[in-house]
Amino acid sequence: MTHHPHKDDAAAKLGMWLFLFTELLLFGGLFLLYAVYLKRYPHEFAVAGRQLDWTMGTANTVILLTSSLCAAMALTALQLGEARRAVALLGGTLLCAGGFMVIKYIEWSTKIGHGIYPGSPHLKSGAPGESIFFSLYFMTTGIHGLHVLIGGALLAVIGQKVRSGVVSADNYILLENGALYWHLVDLIWIFIFPLYYLIL
Amino acid sequence: MTDNTQPAVSSFWNDTGKSGIASWVFSTDHKRIGLLYFYATFGFFLVGVLLGLLLRLELMAPGRTLMGAEAYNALFTVHGVVMIFLFIIPGFQGSFGNLVMPIQIGARDVAFPRLNLLSWWLYIAGAVIILTSLFTGGGPPDTGWTFYVPFSARTGTNVSLAVFGVFIVGFSSILTGLNFVTTIHRMRAEGMTWGRLPLFVWSLYATAWVQILATPILAITLVLVMAERMLGTGLFDSGSGGDPLMYQHLFWIYSHPAVYIMILPGMGVVSDIIPVFSRKPIFGYKFIAFSSLAIAAFGSLVWGHHMFTSGMSDTAIWVFSFLTFIVAIPSAIKVFNWVSTLYKGSISLEAPMLFSLSFILLFSIGGLSGLILGAAATDIHVHDTHFVVGHFHYVIFGGAGFAFFAAMHFWLPKFFGRRYAEKPALVAWALMFTGFNILYFTMQVLGMKGMPRRYYDYLPEFASLNLVATVGSWILVAGLIVMLVNLFRGLMWGVPFEGNPWGGATLEWSTPTPPPTENFIDEPIVTHGPYDFSGIEP
Chain G
1 MTHHPHKDDA AAKLGMWLFL FTELLLFGGL FLLYAVYLKR YPHEFAVAGR QLDWTMGTAN
61 TVILLTSSLC AAMALTALQL GEARRAVALL GGTLLCAGGF MVIKYIEWST KIGHGIYPGS
121 PHLKSGAPGE SIFFSLYFMT TGIHGLHVLI GGALLAVIGQ KVRSGVVSAD NYILLENGAL
181 YWHLVDLIWI FIFPLYYLIL
Chain H
201 MTDNTQPAVS SFWNDTGKSG IASWVFSTDH KRIGLLYFYA TFGFFLVGVL LGLLLRLELM
261 APGRTLMGAE AYNALFTVHG VVMIFLFIIP GFQGSFGNLV MPIQIGARDV AFPRLNLLSW
321 WLYIAGAVII LTSLFTGGGP PDTGWTFYVP FSARTGTNVS LAVFGVFIVG FSSILTGLNF
381 VTTIHRMRAE GMTWGRLPLF VWSLYATAWV QILATPILAI TLVLVMAERM LGTGLFDSGS
441 GGDPLMYQHL FWIYSHPAVY IMILPGMGVV SDIIPVFSRK PIFGYKFIAF SSLAIAAFGS
501 LVWGHHMFTS GMSDTAIWVF SFLTFIVAIP SAIKVFNWVS TLYKGSISLE APMLFSLSFI
561 LLFSIGGLSG LILGAAATDI HVHDTHFVVG HFHYVIFGGA GFAFFAAMHF WLPKFFGRRY
621 AEKPALVAWA LMFTGFNILY FTMQVLGMKG MPRRYYDYLP EFASLNLVAT VGSWILVAGL
681 IVMLVNLFRG LMWGVPFEGN PWGGATLEWS TPTPPPTENF IDEPIVTHGP YDFSGIEP
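These protein sequence lines are chains G and H, in that order.
Count the first sequence with my numbering and you get residues 1 to 200, in order.
Count the second sequence with my numbering and you get residues 201 to 738, in order.
The set of hints was computed from the structure by calculation and includes no laboratory data.
Any given hint might turn out to be false.
To be verified - Once the Cα atoms are required to be at most 25 Å apart in a straight line, the calculated DMTMM-like pairs of lysine to aspartate or glutamate come out as:
| no. | chain 1 | residue 1 | chain 2 | residue 2 |
| --- | --- | --- | --- | --- |
| 1 | G | Lys39 | H | Asp215 |
| 2 | H | Lys649 | H | Glu661 |
| 3 | G | Lys7 | H | Glu718 |
| 4 | G | Lys7 | H | Asp722 |
| 5 | H | Lys480 | H | Glu718 |
| 6 | G | Lys13 | H | Glu390 |
| 7 | G | Lys7 | G | Glu107 |
| 8 | H | Lys544 | H | Glu718 |
| 9 | G | Lys7 | H | Glu723 |
| 10 | G | Lys7 | H | Glu698 |
| 11 | H | Lys544 | H | Asp732 |
| 12 | G | Lys39 | H | Asp722 |
| 13 | G | Lys13 | G | Glu107 |
| 14 | H | Lys486 | H | Asp732 |
| 15 | G | Lys7 | H | Glu737 |
| 16 | H | Lys218 | H | Glu550 |
| 17 | H | Lys623 | H | Glu550 |
| 18 | G | Lys124 | H | Glu723 |
| 19 | G | Lys161 | G | Glu82 |
| 20 | H | Lys480 | H | Glu622 |
| 21 | G | Lys111 | G | Asp9 |
| 22 | G | Lys13 | G | Asp170 |
| 23 | H | Lys480 | H | Glu550 |
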């Protein structure tokens with residue numbers, strides 16, 4: 001290949017921000033449905049929403065905020081040339097991601113154990129608004145959980161690259177973009193948490 | 201590819217020293233990716249044409265002619281899915297956007313060449329999944345390309361897989377969009393100010409924004425359809441408390457702006473071709489550029505006009521109808537500026553110009569019939585009739601399709617280094633233009649008379665006009681065949697295409713033909729606008 005190496009960090013960041021927009025819009029569709037159905041079934045949404053465990057939701061919020069803090073600190077550490085500290089902090093982010101998924105698993109399995117899952121006979125026999133609430137809950141938190149896994153995998157790969165020196169103090173755009181993605185995952189949860197656990 | 205098919209000069213065909221399939225399907229060169237897109241999307245166009253031809257054959261006479269109701273339902277669904285998701289949405293950006301845009305802004309490549317290649321692979325993967333859905337499971341989907349619930353949630357045909365394929369193609373579209381926006385922001389050559397961008401680039405820029413902002417909504421909607429089928433979420437099922445109307449809203453929030461993904465690049469092509477063949481700078485450069493953005497912006501707010509008969513409130517109908525009329529303004533601005541460019545120009549009617557001029561006429565007819573559909577009172581009369589079918593074929597085939605053909609005649613010789621014969625190109629254009637109008641104008645008349653769409657059968661009083669329309673489809677396809685044979689022969693074995701025979705002033709005409717992999721021998725410094733023809737002789 002005769003391609004000249006072309007490096008443009010501003011372009012890489014612009015591309016990442018555009019991608020984050022698309023992610024917001026993806027979840028926007030789900031939030032739109034939430035808004036419409038909340039207006040239609042305010043009572044059923046309240047009944048269903050109180051069945052969610054707000055302590056677990058709060059725990060997960062704290063965990064995700066901590067994970068984002070670690071990611072941001074990892075970037076600063078790398079920019080200051082402390083690659084080992086950056087790797088350790090990324091490890092912290094991944095640990096939080098794992099903790100988040102474990103709590104999510106407990107929440108989901110408890111709900112499923114009580115016969116609450118999309119299309120379940122229990123929900124079908126109840127009020128329609130409640131089954132809509134739980135369908136939205138499982139779809140939204142499911143797709144969000146998928147993003148947690150993708151973001152975690154992404155940061156794990158980037159952490160490897162920091163260790164091997166490919167991503168370094170002079171060349172940190174990959175980590176910056178990875179952290180941006182992780183903040184987005186966090187940000188979306190910041191909207192999911194009050195909508196499903198708190199306001200109802 | 202043997203040696204005598206390519207000119208001996210060094211170009212992106214041979215200057216990397218690599219040939220063979222792998223050097224193409226794993227190439228990050230925007231020109232090779234552009235041609236890959238062109239082969240794939242145009243191949244699907246031909247598949248779609250064949251399916252359309254079969255639909256017209258079935259409608260040639262009342263009653264069962266070729267196939268029954270189920271086969272007809274599957275056929276028009278697949279025709280729509282192939283034409284929309286596999287040809288016209290990825291086609292323009294993927295092929296001509298990739299081939300021409302980086303050169304037009306004086307760049308070596310797009311901002312993210314590897315992402316560009318990934319986009320093509322995702323497109324191919326999505327296409328393969330869609331094709332697989334036709335031959336496995338419950339057979340090809342029969343829902344129409346819109347996948348409307350509740351039918352799409354219940355039909356036994358292979359909707360889930362097809363929808364998943366469209367999801368993947370959508371991902372490819374998003375990545376192309378963000379790649380192009382970043383490229384146009386970051387990769388312009390020295391002196392290539394926003395006011396000197398060719399109008400094709402402006403239109404791609406507006407299109408890319410629509411791709412970025414609208415496609416995610418389609419993605420989540422399709423995921424929800426899959427969830428509806430596989431998990432029984434019931435979000436769109438009125439029996440479970442959901443609302444099918446919400447599906448239509450979410451679907452059209454994407455799919456109406458998607459119409460502008462299809463037509464905007466075509467408008468850009470025409471804006472680039474008309475000045476070249478009129479030997480005059482474009483009239484109203486800024487208005488054409490900003491009307492692209494205006495179309496992209498207002499076009500995102502009009503989706504409800506697809507749902508006038510779906511049970512929305514009267515207020516919603518009134519607002520959506522009003523906004524729909526507003527989109528007509530930037531569209532009309534473009535048409536008036538093209539016509540003003542022609543005024544007192546030194547017009548030469550070569551193939552790209554003829555296709556561009558017919559674009560203006562056919563797009564205008566399609567646009568005006570769109571106003572009939574945009575007004576709720578008249579829409580309810582012609583809703584779901586062949587009038588609608590005629591309308592969107594005028595806009596998408598007569599508009600975007602003819603602009604695609606114009607682009608093929610205008611730019612492909614540049615990249616192949618050989619040119620087609622002019623006379624057969626004119627014959628092809630005349631046949632296609634005639635056949636097109638016989639086919640689709642008749643459809644509009646049929647719709648006015650009340651013939652519904654999406655039925656394999658119809659009342660006997662529609663028989664003669666349907667026969668006329670079917671004959672029109674044969675003339676159209678005959679022209680298409682002439683065009684294909686002529687282009688293929690010309691690009692493979694035609695006389696060499698050198699220099700700047702049409703006298704274009706945009707940057708792609710200042711590079712060697714075909715361009716080298718790096719596009720430019722010296723990095724270009726832009727000192728004049730894209731339609732400043734002083735000193736350039738055809």
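Taking the hints in turn, this is what the structure says about them:
no. : hint                : result
1   : G:Lys39 - H:Asp215  : violated, 63 Å
2   : H:Lys649 - H:Glu661 : holds, 10 Å
3   : G:Lys7 - H:Glu718   : holds, 16 Å
4   : G:Lys7 - H:Asp722   : holds, 19 Å
5   : H:Lys480 - H:Glu718 : violated, 30 Å
6   : G:Lys13 - H:Glu390  : holds, 22 Å
7   : G:Lys7 - G:Glu107   : violated, 45 Å
8   : H:Lys544 - H:Glu718 : violated, 39 Å
9   : G:Lys7 - H:Glu723   : holds, 17 Å
10  : G:Lys7 - H:Glu698   : violated, 34 Å
11  : H:Lys544 - H:Asp732 : holds, 16 Å
12  : G:Lys39 - H:Asp722  : violated, 62 Å
13  : G:Lys13 - G:Glu107  : violated, 36 Å
14  : H:Lys486 - H:Asp732 : holds, 15 Å
15  : G:Lys7 - H:Glu737   : violated, 38 Å
16  : H:Lys218 - H:Glu550 : violated, 36 Å
17  : H:Lys623 - H:Glu550 : holds, 9 Å
18  : G:Lys124 - H:Glu723 : violated, 66 Å
19  : G:Lys161 - G:Glu82  : holds, 14 Å
20  : H:Lys480 - H:Glu622 : holds, 23 Å
21  : G:Lys111 - G:Asp9   : violated, 45 Å
22  : G:Lys13 - G:Asp170  : holds, 15 Å
23  : H:Lys480 - H:Glu550 : holds, 16 Å
Hints 1, 5, 7, 8, 10, 12, 13, 15, 16, 18 and 21, counting from the list given before, are not met by this structure.
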